[in-house]
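> Go ahead and model the full structure; you've got the sequences and the hints to work with.
Chains as they are written, first to last, in the numbering used here: chain P, 1 to 302; chain E, 1001 to 1234.
In short, the hints are calculated from the structure, not lab data.
Note that the coordinates shown come from a computational prediction; the quantities given were computed from them, not determined experimentally.
Please note: incorrect hints may appear among the correct ones.
Computed from the model, here is a short list of chain P residues facing chain E with C-beta under 8 Å [unchecked claim]:
(1) K182
(2) A183
(3) R185
(4) A186
(5) D189
(6) N190
(7) P191
(8) D192
(9) L193
(10) R195
(11) V196
(12) A197
(13) I199
(14) S200
Note that the Cβ used here is the ideal one computed from N, Cα and C, for glycine as well.
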Amino acid sequence: MLELLVYGIILGSIIALGAIGITIISRVASRMSNFAHGDFMTFGAYIALVVNGTLLSGVAFLQQKVGPLTFGLGLLLALVPAAILTALLAIGIDQWVYRPLRARRAAPILMSMVSMGIAFAVRGVIYIIWGADFHFYFSGIRRMIFLPMGIKIRPDEIFIMVVAWGLVALTYLFLGRTRTGKALRAVADNPDLARVAGISTERMIVWAWGISGGLAAIAGILYGVETQLRPEMGWGFLLPLFAAVTLGGIGSMEGALVGALVMGIAQQVSTAFLLPTYKPAVAFIIMVLVLLVKPEGIFGRR
Amino acid sequence: MSILRVENVVSGYGSMEVLHGLSVEVDEGQAVAVIGPNGAGKTTLLRTIFGVVNPWKGKVYFRDEDITGLPPERIVKMGLSYVPQEHNIFPTLTVQENLEMGAFVREDDIRPRVEEIYALFPDLTDRRTSPAGDLSGGMRQMLAIGRALMLNPQLLLLDEPSTGLAPFLVDAIFDRIEELNAQGMTIFLVEQNAHRALQSSDQVYVLEGGEKKAEGSSQEMLADEEIGRLYLGR
Chain P
1 MLELLVYGII
11 LGSIIALGAI
21 GITIISRVAS
31 RMSNFAHGDF
41 MTFGAYIALV
51 VNGTLLSGVA
61 FLQQKVGPLT
71 FGLGLLLALV
81 PAAILTALLA
91 IGIDQWVYRP
101 LRARRAAPIL
111 MSMVSMGIAF
121 AVRGVIYIIW
131 GADFHFYFSG
141 IRRMIFLPMG
151 IKIRPDEIFI
161 MVVAWGLVAL
171 TYLFLGRTRT
181 GKALRAVADN
191 PDLARVAGIS
201 TERMIVWAWG
211 ISGGLAAIAG
221 ILYGVETQLR
231 PEMGWGFLLP
241 LFAAVTLGGI
251 GSMEGALVGA
261 LVMGIAQQVS
271 TAFLLPTYKP
281 AVAFIIMVLV
291 LLVKPEGIFG
301 RR
Chain E
1001 MSILRVENVV
1011 SGYGSMEVLH
1021 GLSVEVDEGQ
1031 AVAVIGPNGA
1041 GKTTLLRTIF
1051 GVVNPWKGKV
1061 YFRDEDITGL
1071 PPERIVKMGL
1081 SYVPQEHNIF
1091 PTLTVQENLE
1101 MGAFVREDDI
1111 RPRVEEIYAL
1121 FPDLTDRRTS
1131 PAGDLSGGMR
1141 QMLAIGRALM
1151 LNPQLLLLDE
1161 PSTGLAPFLV
1171 DAIFDRIEEL
1181 NAQGMTIFLV
1191 EQNAHRALQS
1201 SDQVYVLEGG
1211 EKKAEGSSQE
1221 MLADEEIGRL
1231 YLGR
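Set out below in structure tokens:
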């Protein structure tokens, strides 16, 4: 049981990384829900596969496994181009698709539906390029380390938590301390007043997509390290992501983080009683229950 | 010498025309008030000047430079600031961050200016780290004005600074506005509280139904029987 709790926190840390990207977009970019976020995760994960598995495959010292981890420095290096390319993909789609919609004052629900189409398109491209097969960042056995109280954990999973929460903390610092971060929050609060104060909302939306896309890529890679790469990986991750965001209160950063942990733990702990196949159903049921009791979410403002 | 000139502006929202060819002029160093009933188009006039709404016809000049149709984020760099009537703060940002956002277009060190604003509105000093959304109505209005003053504008546009405030706060706000005007800042404000607006201004325009009904010096308007009966509730 305790072990499932730990696994829940691991899963929750990946959900958290994805969920803050969704929150930033829904707060800054015309209150839209980006249903393509899961497929941005998949895209980032595959880019890392190409960079590490193909481009850097000949560089021996990069493929040497780092300590007890199952992968080498190559994958760590691959985080950077994966994040940048996914950020550029997100920004490009925004300029090409959402920006004209914003100019026509499209409703948020319409833009969210369009993002559903983008999700299918991105996934389609992934299928075309990489096929439907499973891929792995590593080969060989997964070693376990034993923590007190009989908890078994993979060194990779400690890596996942450090990277995920580290990036969450960095994002937090960026939004709280930097001039651009504060301007992003200002646009989220009141876009009209932000323009009056001299902040270009369009420029801030570009920042928001860049950050959101970059974080999605890293979340996708971490998820790939924990499980395996397949074209549907991000799409399947979308439900717990949105359940976490809704649970915490749409638009609330703190809410998304708490929601992510609740979702991660609830899904993993449920496997003690239910088949793992029911995990998404657990996420969904929790989301519905919370909405029935507190429609604005745990940290939501009315 | 006029600092702001609005010429035959027609403006509105969607297909609804609100201003029907309005002309207004503000001289440098003056305090000019626009009074008139609800729905007269006062707010639309300010929004049109500041580029939040684009005029359908007509021109807006700031110091003889054509600023018609420029976006607000460009206009704010030219020496104009605008305090909207409602939603004029960033509620989840702290008081300090609200002021910092007022000088977003400045890349240099803005801390000295922040301190000057605190000196102007000492009540805000103790609330630096509070979210602006937690402030009372009067403090919010001071913060909104403080934010607009961060760039030390030559022309300050104010939309109904007295809305929803208790009389003693209205006085406090107008005292500050008069102070700024005395220091040389040009003020252009629209107000429903016509009496107070006339007392604090040099020139006044009376707006009704999107058209100019009267204009003149505030002193004369205050003394005018008909204006008093129609707009000052006498």
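> Less than 8 Å between beta-carbons is the criterion; does D189(P) satisfy it with respect to chain E?
OK, holds: D189(P) within 8 Å of chain E, min 4 Å.
> Against chain E, run the beta carbon of I199(P) and see if the smallest gap drops under 8 Å.
Cβ of I199(P) sits 5 Å from chain E, so the hint holds.
> Quick check on the hint: A197(P) CB to chain E CB, less than 8 Å?
Constraint on A197(P) satisfied, holds at 5 Å.
> Restraint: D192(P) near chain E, CB-CB cut 8 Å. Satisfied or not?
Because about 7 Å separates D192(P) from the closest Cβ in chain E, which is inside the 8 Å limit, the hint holds.
> Checking hints one by one. Is K182(P) an interface residue toward chain E, by the C-beta closer than 8 Å rule?
holds (5 Å)
> Should the interface hint for S200(P) be scored as holding, given a Cβ-Cβ cut-off of 8 Å against chain E?
With a closest approach of 5 Å, the S200(P) hint holds.
> Closer than 8 Å between Cβ atoms is the bar; does R195(P) clear it against chain E? Give me holds or violated.
holds (4 Å)
> Tell me if N190(P) is really an interface residue toward chain E, meaning its C-beta lies closer than 8 Å to one of theirs.
holds (6 Å)
> Once the shortest beta carbon distance from L193(P) to chain E is found, is it less than 8 Å?
This hint holds: L193(P) lies near chain E, its Cβ roughly 6 Å from the closest one there, short of 8 Å.
> Less than 8 Å between beta-carbons is the criterion; does P191(P) satisfy it with respect to chain E?
Violated, about 10 Å.
> Double-check A186(P) for me: the hint is only fine if its C-beta lies closer than 8 Å to a C-beta in chain E.
holds (5 Å)
> So, as I understand it, the hint says R185(P) touches chain E; can you test that by seeing if any CB pair is closer than 8 Å?
holds (6 Å)
Taken one by one, the earlier hints fail for this structure only at number 7.
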